[in-house]
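Visitor: Between the sequences and the hints, there should be enough to build the whole structure, so can you do that?
Under full-length UniProt numbering, residues 1 to 262 are what the sequence shown spells out, in order.
Note that these hints are calculated values from the structure, not bench results. Quick caveat, the model's predicted, so the values are computed rather than measured. Watch out, some of these pointers could steer you wrong.
[What the hints assert, rightly or not] Label pairs and their calculated CB-CB ranges:
hint : residue 1 : residue 2 : range
1    : LEU224    : LEU117    : 15 to 23 angstroms
2    : VAL211    : ALA57     : 13 to 21 angstroms
3    : ARG72     : GLY251    : 30 to 38 angstroms
4    : ARG236    : VAL113    : 31 to 39 angstroms
5    : LEU4      : ALA103    : 38 to 46 angstroms
6    : LEU117    : VAL211    : 27 to 35 angstroms
7    : HIS94     : LEU116    : 41 to 49 angstroms
8    : GLY37     : PRO119    : 19 to 27 angstroms
9    : ARG167    : THR209    : 22 to 30 angstroms
Glycine is no exception: its CB is placed at the ideal position from the N, C-alpha and C atoms.
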Amino acid sequence: MTLLGIGLLTGVTTVLFGFGGGFVTVPVVVWADSALGADAIRVAAATSALVMVANAAFATVVTPRRVVGVLRGGGPLLLLLGAGASAGALAARHAPAGLIRWAFVAYVVLTVVDLLLRPGFLRPRAQAAVAPGAPRPLPAAVGAPVGAVAAFLGVGGSVMTVPAMRRAGHTMHVATALANPLTLAIALPAAAVFLGGSGGLVGTEADVTLVGLVDPRAAGALLLGALPVIAVLRRRPPSIPDRLHAWTYVGLLAAVALAMVR
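Guide: Below, the structure written as structure tokens:
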């Protein structure tokens with residue numbers, strides 16, 4: 001029931017913040033699979049990737065075409081995000097578990113500091129038009145490193161793309177909606193890699209059934225809670241003032257960082 005409840009929250013974060021599940025899923029699966037010891041973080045990153053595939057795909061399908069149209073012509077960016085994600089997932093299968101955990105914490109903390117101190121996120125410049133040809137989230141050249149970092153940590157990449165879109169002048173509503181197709185480009189190849197093998201997992205004697213590095217029980221419970229929420233919120237999105245939306249995004253990241261260091 002706890003995982004189902006967290007799945008509801010994951011659905012909310014997918015729609016409102018563009019987090020396809022990663023920043024919420026990783027701490028929760030670390031807790032749920034604590035019997036795996038240090039290896040729980042690798043299972044969490046892998047399970048997060050699978051959850052993000054479903055959440056981000058569903059959220060993308062129900063996003064208005066005029067919004068998704070901003071990514072028209074962005075094929076090179078999507079391909080490089082996917083290539084980087086494959087490399088990042090392969091690295092996560094064999095990296096020391098402690099490295100992944102503390103890299104996750106450092107990544108989130110640095111992102112929060114950047115959002116608070118660097119101009120353009122909390123107070124964006126004039127809003128950009130939502131139309132094909134409007135500024136893209138990232139230049140194609142950085143797709144591979146963004147995909148690699150996101151897949152290695154199990155976070156999906158939205159914490160890079162949403163601030164970039166904000167600084168290009170998009171509202172939080174548009175920026176978070178566009179994060180979902182970009183997350184899908186990262187999560188799909190990453191999930192395939194994680195499902196392909198255990199990567200030398202040492203905690204297999206624990207009472208946790210895995211497919212590759214993925215915990216299907218946790219993923220199923222999280223998705224059962226998330227998908228109905230995504231469907232409802234995409235059809236009836238809440239009206240949130242843009243600045244409050246941005247501050248809530250920062251607050252959620254800070255809460256996740258605190259949860260991972262406890």
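Visitor: Would you mind marking each hint as holding or not holding in the structure?
Guide: Hints, verified against the model:
1. LEU224 with LEU117: 15 to 23 angstroms: For LEU224 and LEU117 the Cβ distance comes to about 39 angstroms; the hint is violated.
2. VAL211 with ALA57: 13 to 21 angstroms: holds, 19 angstroms
3. ARG72 with GLY251: 30 to 38 angstroms: holds, 33 angstroms
4. ARG236 with VAL113: 31 to 39 angstroms: holds, 35 angstroms
5. LEU4 with ALA103: 38 to 46 angstroms: This hint is violated: roughly 29 angstroms between Cβ atoms.
6. LEU117 with VAL211: 27 to 35 angstroms: violated, 42 angstroms
7. HIS94 with LEU116: 41 to 49 angstroms: violated, 35 angstroms
8. GLY37 with PRO119: 19 to 27 angstroms: violated, 43 angstroms
9. ARG167 with THR209: 22 to 30 angstroms: Violated: the Cβ-Cβ distance is about 43 angstroms, outside 22 to 30 angstroms.
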